[in-house]
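Colleague: So you can see what is in the structure, the chains are spelled out below.
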Amino acid sequence: MTLTNFKFHGGIHPKQLKDLSRDRAIESISWRDEDEIVITLSQGIGSLNHPILSIGDSVQAKQRISECYGEISVPVHSPCDGTITAIEERPATHPSGLQAVAIVIKPDADSSKIDINKANDLVNHKIDVSKLSELLSSLTAEEIISKIRIGGVIGLGGAGFPTCAKLHGGIKTNIETLIINGMECEPRITCDDRLMRERAIEIIAGVEILDHLLHPNSIKIGVEDNKPEAILALEIATTSSTSSIEIITTPTLYPSGGERQLIQLLTGKEVPSGTLPSAIGVVCQNVATVAALYHALLERPLTHRVVTVTGDGVESAGNYSVPIGIPIDSLLTQCGVVDSVRITVGGPMMGFELHNSRSPITKTVNCLIVEKNSSLPSAPERYNCIRCASCSDACPAKLMPQQLYWAAQSRDFEQTEKLNLFDCIECGCCDFVCPSKIPLVSYYRYAKGVIRGAKQEQNRADEARVRHEFHDARITREKAEKAEKLAKKRAALKAKKESNKSTDKPNDADKKGAAIRAAIKRAEAKKKAAAANS
Amino acid sequence: MIKTTADSTTAREMLKVIAALIPGYIALSLIFGPGALIHAAIMIPVAMLAEATIIWMRSRSAVPAIKDLSAPLTALLLAAALPPLLPWWMAIVGILFAIIIAKQLYGGLGQNPFNPAMVGYVILLVSFPLEMTSWLTPAGAIVGGDTIGFIQSAEIIFGTIENPSITIDGVTGATPLDAMKTALYQGLTISEGIKEISNGVLAGSGWEIINLTFLIGGIYLIASRTISWHIPVSMLVALLIISALFNTVDPDRYSTPLYHLLSGGTMLGAFFIATDPVTASTTPRGRIWFGACIGILIYTIRSWGGYPDAVAFSVLLLNMFTPLIDHFTQPKIYGERDNG
Amino acid sequence: MSSMLIAALVIGGMATLFGALLGYASVHYKVEGDPITDKIDQILPQTQCGQCGYPGCRPYAEAISNEGAAINLCPPGGETVMVSLADLLDREPVALEQEERPPSLALIDEKTCIGCTLCIQACPVDAILGAAKLMHTVIATECTGCELCLAPCPVDCITMEPIPTDITDWSWPDPDMFKVAA
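Quick mapping for you: the protein sequence lines, in order, are chains A, B and C.
Numbers given in my numbering equal positions in the first sequence, counted from 1, plus 670.
Numbers given in my numbering equal positions in the second sequence, counted from 1, plus 3.
Numbers given in my numbering equal positions in the third sequence, counted from 1, plus 4.
This is chain A alone, in the form it adopts within the complex:
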């Protein structure tokens, strides 16, 4: 264990509040008989999945149920044996509270016991080292990444960026440092802490796979110093590892678990604005993701994850291994939820309020904070910005949040972009320190949305312009062609007439006239018929 020599700008010390769940070992909670499993087709970042089964089809646990297109997308799997009962819009676990298309599966009766047993088997999981190395040496890098992708692995730390996409970037460049993120810097969340304490060997196995894949010069696992047990567990697990892994302890400071902040904290390097960490030879993965990719390689796709349930609104706070797709209200009921609570998905700094408790657990849900409505503080009174710049001091991206706020609230979005709005990681440090209690991040999110929307609109307009210009050009061309044809015909007719004159065929004109008259009559009859019909 070593201490880090580097630090990042700003950061804050919110109350940790992890005691409620940090000493509770991971337990399994499965669906109840009355539950249905709802697998949202868009999980994390990436393009929408397409279902590959139909309503009425039966599925088995671990079975892939969707197809994904594009490099930044991974499929979803069924956590249970059951039957697909619907493919329809369901409340999504999303800050918008909107619905999203999901595959709904009715689990077979009593299948939850099997699910729990399987999960318990994993607790005493032993890693077959020789089998793993054999498997790794038999596969090419592309095949390994493909297995991780088909296993449905995305970043489990929050944003949900497909792991395969990061690894693709990683094998294309020379990776200097592989960073494993075990910081869990947000208050209240303890699921990664527990995972490191209880399943360090799986994490280390995953790290070894990444080592094999990326050949980094060094591997660093970053853990905040408020998790001594996790550090110890990782230390023990690394002693038998074939990879040389360094465990680095950092001071507890939010947001040290932000990818860019962690990279700065462990390597002293900054990821250039607008690029990915691979640009400076770094790949960063969360501990839970690393464990998941180990399982994915061994044909155990991502169907379960550990979720911290905490807050004064539940009787048994703790860390639970739950099937992805279980409705949140089912999980909370099994944890003993009290009535009238507010549910926050994610941590208190970056999480969002859940609108509908029937929304399912998705791959990116790491924490549910359940608070009694009665114990919630009233919204703090908001004052005017006094430009005290406490936010600038706290901003880990070294932005000028108060200037961004002035620009955003006066709808000067061009200025927000000049002030590097898109380098904001929405960590909420500025919100936290603001003495005037201004919801700064909300303004940045709003501004980002407006700018993105405008860019999309501009792209659409540009496309429409191209299509319209092409349309016009086509019409002109067609007209010209028609005119040309007509001119040719006329010329031909003229020539014919002249030749006719010489041979003199008086019947010809009469014939033509009769034909036209007949055609007019036919058209009139048709029109009458049409009128009668309607």
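Treat the hints loosely; a few may be bogus.
What the hints assert, rightly or not - Per label pair, the in silico range of CB-to-CB distance:
| id | chain 1 | residue 1 | chain 2 | residue 2 | range |
| --- | --- | --- | --- | --- | --- |
| 1 | C | Ala11 | A | Ser943 | 50 to 58 Å |
| 2 | C | Thr84 | A | Glu846 | 39 to 47 Å |
| 3 | A | Glu899 | B | Phe331 | 44 to 52 Å |
| 4 | A | Glu813 | C | Gly54 | 51 to 59 Å |
Claimed, not checked - Below, in silico cross-link-like pairs of lysine to any residue (SDA-like), each with a Cα-Cα straight-line distance of 25 Å or less:
| id | chain 1 | residue 1 | chain 2 | residue 2 |
| --- | --- | --- | --- | --- |
| 5 | B | Lys70 | B | Ser11 |
| 6 | A | Lys1149 | C | Leu122 |
| 7 | A | Lys1107 | B | Val240 |
In case anyone wonders, no lab produced these hints; they're calculated from the structure.
Even glycine gets a Cβ: it sits at the ideal position worked out from N, Cα and C.
Starting from the known structure of chain A, fit chains B and C onto it as the hints suggest.
Modeller: Same frame as chain A, now just chains B and C:
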């Protein structure tokens, strides 16, 4: 959504600044009598009332604006800067101007480009130059002699009694900065001037104590992270350097650095006025420029300008440049590329 | 006398110099085409709907720059476009002539469609697919919602459907909407 936030609130920050003013106020009262306290007692309610009225006229809720304590702070800063026996109605004109014109007409707290207290001060200075430069001769336990009492102060400030026990002409004198200026005009050297104006050691008796007490309050503000060190330090260092420079060149015509640091409103300005977050620069580098320019301007106006002290003018002038300074001193962001 | 001569020479010399500079600049930095029309065209939403009274976005752009047409005639662009135009042309923003409509797409009721191809001819961006006497359909990603296909349809089988917001294009709302007047 209710987010987790730190305990600091605008009101709490203002309260810290008010607390930091206490030593300065004690020194002012001991040396010049309770004039500043009387002024503060008049101006605080007027400031809050004016603020509430304007906000009410804009049909908004006045409660947050009253609770944020910014109006009382403005009143306290202005009262600390006024001559202790200034007539009460002038004090009211000053604070009304500060709150209504300089602050609320721009949109209230956070929207004003100029420091309200200094706008009030400058308006009084240009409107009532005689009264605004009539300071008391320092007295009291610290520097010897009797301090003017509460009743006497009140009599003069309110002007209610036809034959007050003392008259304003009997007790007032110019500030050391003012007197020094006059002395220099008369062709005296600095050392002769110091002997002329007071029995004090450095910057005229009493004034150095007042400045030191404001310095103590300022150090508390920096220690409690209410203000950042950039502005006061750069301002004082700039003042120190420029005054040392000229003093070395011609000690007869230019006062010593210590004299400049400890006279007039230097410390009050450095820690309490120039650091007003609303009107000061916000970037770290910008704050250094902001402070340094104020320091240099103060020296310039004191040495070659028409007014004896220059904190108010310097701060207001730099307030004008704040957006420009901020624009050119944007800090390098995380991951910023050199070519971009 | 000589001082007057010097002054005349200096002024004359400067006039010649600046004149030459101006002349050079006008040749060397000659602006090709009409950039302001292009800029206006960039801002317009390119729906080609003709609701402004001009036969398309480009003609409207030309009308604004050459004939001084009003900047508030574009309903699909709404307030955003009007404000951008006001910014670009340094004109006062004016209220929209018509109400802003939510973005929508044309939808052909495929049961009613008789395959007359009239809408295909009307579509300014070739976003309708079909052939004579065969059912037509709208390519949703290309439709600009201009409504030009509605009028020609003899059987009124085309409707405008507002585009619903889904998770992928949802964005955070304006926090000032919830701000309690302070």
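Colleague: Given the hinted pair lysine 1149/A and leucine 122/C, is their Cα-Cα distance within 25 Å?
Modeller: Holds, because 17 Å separates the two Cα atoms, which is no more than 25 Å.
Colleague: Quick check: does the Cβ-Cβ distance between alanine 11/C and serine 943/A fall within 50 to 58 Å?
Modeller: holds (57 Å)
Colleague: Kindly confirm whether 44 to 52 Å is satisfied by the beta carbon distance between glutamate 899/A and phenylalanine 331/B.
Modeller: Holds, at about 50 Å.
Colleague: Are the Cα positions of lysine 70/B and serine 11/B separated by 25 Å at most?
Modeller: Cα-Cα ~14 Å, so holds.
Colleague: Is 39 to 47 Å right for how far apart the beta carbons of threonine 84/C and glutamate 846/A are?
Modeller: Cβ of threonine 84/C to Cβ of glutamate 846/A: about 45 Å, so the range 39 to 47 Å holds.
Colleague: Given the proposed pairing of lysine 1107/A with valine 240/B, does the C-alpha separation stay at or below 25 Å?
Modeller: violated (35 Å)
Colleague: I want to verify a distance hint. Is the separation of the beta carbons of glutamate 813/A and glycine 54/C within 51 to 59 Å?
Modeller: For glutamate 813/A and glycine 54/C the Cβ distance comes to about 56 Å; the hint holds.
Hint 7 alone, counting from the list given before, is not met by this structure.
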